[in-house]
Every structure is written in C-alpha cells, then in structure tokens.
Amino acid sequence: MSRGLGKGLNALITSNLIEEGEQVKEVSVSEIRPNPYQPRKEFEPAAIEELAQSIKEHGIIQPLIVRKSIKGFELVAGERRLRAAKLCGLKQVPVVVKAYTDQQLMEIALIENLQRENLNPLEEAEAYEKLIAHHDYTQDQLAQRIGKSRPHVANMLRLLQLPETIRKMVSTAELSMGHARALLAVTKEQVQHQLAKDVVEKGLSARQLEELVKQLNVSRETKKKKTAKNEPVLVEIEQRLRSLFGTSVKIKKGTKRGKIEIDFYSQEDLQRIIDLLQSEK
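Residue numbers for the sequence shown, in UniProt numbering: 1 to 281.
It is possible that some hints are incorrect.
[What the hints assert, rightly or not] DSS-like, lysine-lysine: derived pairs with alpha carbons at most 25 Å apart:
hint	residue 1	residue 2
1	Lys168	Lys197
2	Lys250	Lys214
3	Lys86	Lys56
4	Lys68	Lys91
5	Lys98	Lys68
6	Lys68	Lys130
7	Lys71	Lys91
[Claimed, not checked] Pairwise CB distance ranges, derived in the manner of DEER restraints:
hint	residue 1	residue 2	range
8	Lys71	Gln278	44 to 52 Å
9	Glu211	Arg33	42 to 50 Å
10	Glu261	Pro34	44 to 52 Å
11	Lys188	Gly254	22 to 30 Å
Read the hints as simulated data drawn from the structure, not as lab findings.
Where a beta carbon is used, it is the ideal one built from N, C-alpha and C, also for glycine.
Please take these sequences and the hints and turn them into a complete structure.
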C-alpha cells in the first residue's frame, strides 16, 4: 500500500473488518437501518441490479457489518449488498455485529467508499467537512486519519466554496475536478456560471477551461492596471501564481519596491497556500 491509512485505521479497512472466527448471524433485513454517516448519496441502479442478480445466483458471500442500535441494527459497511438484497427479495442477510463508536462509523463509511472510488468529488468533500466538524480535526489530522495528503484534503474542501449550481454539476459529472479547480480561480460568480455553461455546451476540456480563465484574468488585469500595459511580464507572473495557488494573486510594483498579495478565505486555506509555498522549495 503506497500510502497507508492513518494510524489506527488499518483495522478499519473493509477487507479487514471481519476477524477470523467471528460469529456470523442471520438477521431480518427490516431490522437494519442505513448508516446515517454514509457519504455516498447516489447509487447506480444498474450496478445494484447486477449485484442483486449475483446474490440470487450465489447468495451474499461477504457478511454485512452492523452495530446494535436502540431498535435493531445500524449498518456499518455493505450498503450496496443491503440494497441488492432488498431488491431481490431476501428477508434475512448474514451479518457480523461490531461495537463501533460514531466516529469509527463515519470513518469506516468514508474509507470504504474511498477504497472503491465510489464517491464523486462533492460527496468526498462533504464527508471531509463532516468529519472535521464532528471531531474537531484539523486538515492535517484528517489527512493522517484517512491516508491522504493535506493538500488533497484542502483542495477537496475548496470545492465547497463553489456556487451550489456548479457543485451539483460536479456531483453529476457534468464538470470534472479539473474544471472545478479552474473555476475556483474566477472571483465573480456570474462569470463562473457562464464558464460552466460553456464547458457543457461546447465540450471544453479542463485544460481549455484553464486557458480561458487565464485569458479572462489577464484581460481583467490589463483593464484594471495601467502598469500591465507597460509590464506584461507581471501579468504573466500573476497568472502563473494564480494557477499555482488556485486563488487571486496581485503584484503591485512601485518605482523601487512592491508587494505580492495572495488571497485566502479561511485559516485552512492559508495553511494550504503555505504548504504549496513550502513544497516549491
């Protein structure tokens, strides 16, 4: 494993959840409630139907993982199997009962989906946000817990800064992660919406959108700053820095001295920029 899960989470990997010799019992499907922390919101019907057909022929090979709740059981891992079992009319399913905390329940649900690459970018970002909010993790702590880099976690969370309509386009795969990153460098929401519309209508790739955003930003800065006419090299440097940091960057140059302004929108966003600066050493 090139980058393992955070300390203590190796035991939460889905394939390791069931220990040798653990008791498997049959419980009624109606007794199992879904995992309330399930980050995945969309389940492809065709895939569930295919799994249901497999269950009809071979049964459920790997038991579901549940924990006891006030009424019946709460699902920990195996929602696709549970949905497929219901679809093919099973009354009972095999389970292993575990004693997990809410924190573990949230982390297992996220990790199970990350392992299988089941989450769209917005679902992943929202799951990170919930874990941070519920457990007061810093981005660095969360990254260690789930086996991701801090820049990856920070970049995913930045998707939540996009307007709601554009976030929906990302979640439905109308826009890719690359498109979303390019749109984050645009400061005006109206322009973001127009560019997103252009991507869908014209079939623009992420690279094409990046170039378009670059041109728009250069044009805006050229109109805004008289110095840009005389020193186009500064405009180019600003654009390169915007692409690097994914946020607005301004270079203000006087006759003898100047300054660079890099916008950030939260403490975590500032830390992301610091990480990028340090990585460029």
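For each hint, the structure was consulted:
Annotation: proposed proximity of lysine 168 to lysine 197 holds, straight-line Cα distance about 13 Å (limit 25 Å). Proximity of lysine 250 to lysine 214 is assessed by CA-CA distance (about 14 Å); at most 25 Å being required, the pair is judged to hold. For the proposed pair lysine 86 and lysine 56, the alpha carbon gap of about 11 Å is at most 25 Å, so the pair holds. Of the supplied pair hints, the one linking lysine 68 and lysine 91 holds, its CA atoms being roughly 19 Å apart against a limit of 25 Å.
Distance hint between lysine 98 and lysine 68 is fulfilled; the C-alpha atoms sit about 8 Å from each other, no more than 25 Å. Proximity of lysine 68 to lysine 130 is assessed by CA-CA distance (about 23 Å); at most 25 Å being required, the pair is judged to hold. As the CA atoms of lysine 71 and lysine 91 are separated by approximately 17 Å, the hinted pair is consistent with the 25 Å bound. Separation of lysine 71 from glutamine 278 is about 51 Å and conforms to the stated range, judged on CB atoms against 44 to 52 Å.
With their beta carbons about 49 Å apart, glutamate 211 and arginine 33 fall inside the hinted range of 42 to 50 Å. The beta-carbon spacing between glutamate 261 and proline 34, approximately 47 Å, falls within the hinted interval of 44 to 52 Å. At roughly 28 Å, the beta carbons of lysine 188 and glycine 254 sit within the given window of 22 to 30 Å.
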